[in-house]
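Sequence lines, in order, name chains D and B. According to my numbering, the first sequence is numbered sequentially starting from 738. According to my numbering, the second sequence is numbered sequentially starting from 738.
Derived from the structure by calculation, the hints contain no laboratory data. Since the model is a prediction, treat every value here as computed from it, not as a measurement. Do not rely on the hints blindly, as some may be mistaken.
Computed cross-link-like contacts, EDC-like style, restricted to lysine to aspartate or glutamate with a CA-CA straight-line distance of at most 16 Å [what the hints assert, rightly or not]:
1. K806(B) to E844(D)
2. K806(D) to E837(B)
3. K806(D) to E844(B)
4. K806(B) to E837(D)
5. K854(D) to E890(B)
6. K854(D) to D843(B)
7. K806(D) to D842(B)
8. K806(B) to D843(D)
9. K806(B) to D842(D)
Which chain B residues stay away from chain D? Per the calculated CB distances, all over 10 Å, these [as the list claims (entries may be wrong)]:
10. A783
11. G929
12. I989
13. K993
14. E1033
Built from N, CA and C at the ideal position, the CB exists for glycine as well.
Protein chains: 2
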Amino acid sequence: MPELTISALRETGAPDCSHAMQVFGQTALSGDWLEAYHRIDAAFLALARRLNAEEYQFPSFIHASELRKMDYLHSFPQHATFPQVLRQSGDNIQRFRSGELVNADDEIQLTGMAAPKAILTPAACYHFYINFQQQDFAKTRLFTTRNNCFRHEKQYVPLERQWSFTMREIVCIGGEDEVQRYLQVTKSRLSGLFARLNMDIQWQTAQDPFFDPGNNPKHLLQKLHPNKQEMVFDDRLAIGSANYHRSYFGEIFDIKFNNTCAHSACIAFGIERWLAAFAACFGDNPQLWPLELLEEI
Amino acid sequence: MPELTISALRETGAPDCSHAMQVFGQTALSGDWLEAYHRIDAAFLALARRLNAEEYQFPSFIHASELRKMDYLHSFPQHATFPQVLRQSGDNIQRFRSGELVNADDEIQLTGMAAPKAILTPAACYHFYINFQQQDFAKTRLFTTRNNCFRHEKQYVPLERQWSFTMREIVCIGGEDEVQRYLQVTKSRLSGLFARLNMDIQWQTAQDPFFDPGNNPKHLLQKLHPNKQEMVFDDRLAIGSANYHRSYFGEIFDIKFNNTCAHSACIAFGIERWLAAFAACFGDNPQLWPLELLEEI
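Chain D extracted, bound-state conformation:
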């Protein structure tokens, strides 16, 4: 099994990691790699459509007034990326402009910054709970979206751990039984895919992503009733996850299902990580990858 090395990637032309290395793991894709990226996402979108999911496209920002309802900033402040701008008042812009701009360590020499009122999207599905807050669903509904997601990390690896990356999600909101059935059926379809691909992808139980274990009594509940299972490639890289939120988002965003609190679940795919897993299994030439098997999910 060839290793995914920067030099190997450079030799095949794409992804261009020489530039990408400088931008915190983020990769530039072209040629066969970009074609593979499109085919992988198209396969998950096709799965979503077969499930009758409605497609949405959401903004890059999540507003602070919505964040206040979730505990993202409390649980994951180290991962949050804040879109900040220079204060426009007084001579602040002029002082910035006449300053050094960028120092020898590549640090931008900011002057006064306005307090941010948003973060950059850390998970694609959050927008659905925000979008449908205070609604009462008459039937269980499925949705899909793809978004650039931003998670600041201590270190980065191109394709595998990027500050920004693309996440495709298929989300179910509605009745408890139907939401659970969606998760079971789709996980089963995906398990079939993993077997046909003959890649080492195993479902593994992960810690609850919504609660800070050290501070939160719900963490014990999570251990008793695990709600996040990851698609772990090669025992080291989570290329996706299946998450059962119970009524967590239904409660905080007041989403109802026939006048009861809605349940929700999502299945998420990290597209760049699927590229990394295919490359590790099948080599650095995407033309040799068995991408056609993705069409049978």
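Using the hints provided, position chain B relative to the given structure of chain D.
Below, chain B alone, put in the same frame as chain D:
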């Protein structure tokens, strides 16, 4: 000609501006509006492919070490969005976590912030000049990419002026004559499209986007040899632009064409603004828009 009002948009279900209004003009799209968005971008991508443009997908960030070579931070500091994170040292994260997080004005109550080393992409094409720096092209090449672009503004209007929006670009890098011919031919094709659509879209000369007029002697050259022409809808909204950079990017990024300094040009489309223009011309039901005419560019 119906006006594009928030209430009208709400009645047709999408884009959902009730949520989007809170996130600085950024729109959520679904249903027929998202379908129209995809068809508009697909038409420009098809045009790019007919021109034999190579497709690329680039990261969200531009690194400070590249910004140092351009004068973006000097010319447009008021539009720059910096992806900032909390300092991970000492008890900074713990102080943030135990603080107010978000105040009553929806301002996130940051503690110490790390100096940023990047900005969020303000224009999709910049990545090409960065990507191909220090290369010598044996032939003139065409490229296309789409990216989320971020420009902070004093006020926002959904679809028309969003903090983040999607830009499709078709870029030509190489010999002076061929680059100019690319611009002329493609502008002519687009003029034909504008006529067939029977929309009020006029080419208008704009100020050079790369120089700060107040500080830069090149601004006079710009007036004599305009290099930016905008596709202006209804005499008020630039839905795209054609830009001739001469050897500006070739010089600062050391891109050669057969050992001479490369010239470059780009044609850019703001996809959300095309939605706004279609809605203003043809009403709020995208099924009634003449999108099939886009396929003939």
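*Against which earlier hints does the structure fall short, listed by number upward?*
none
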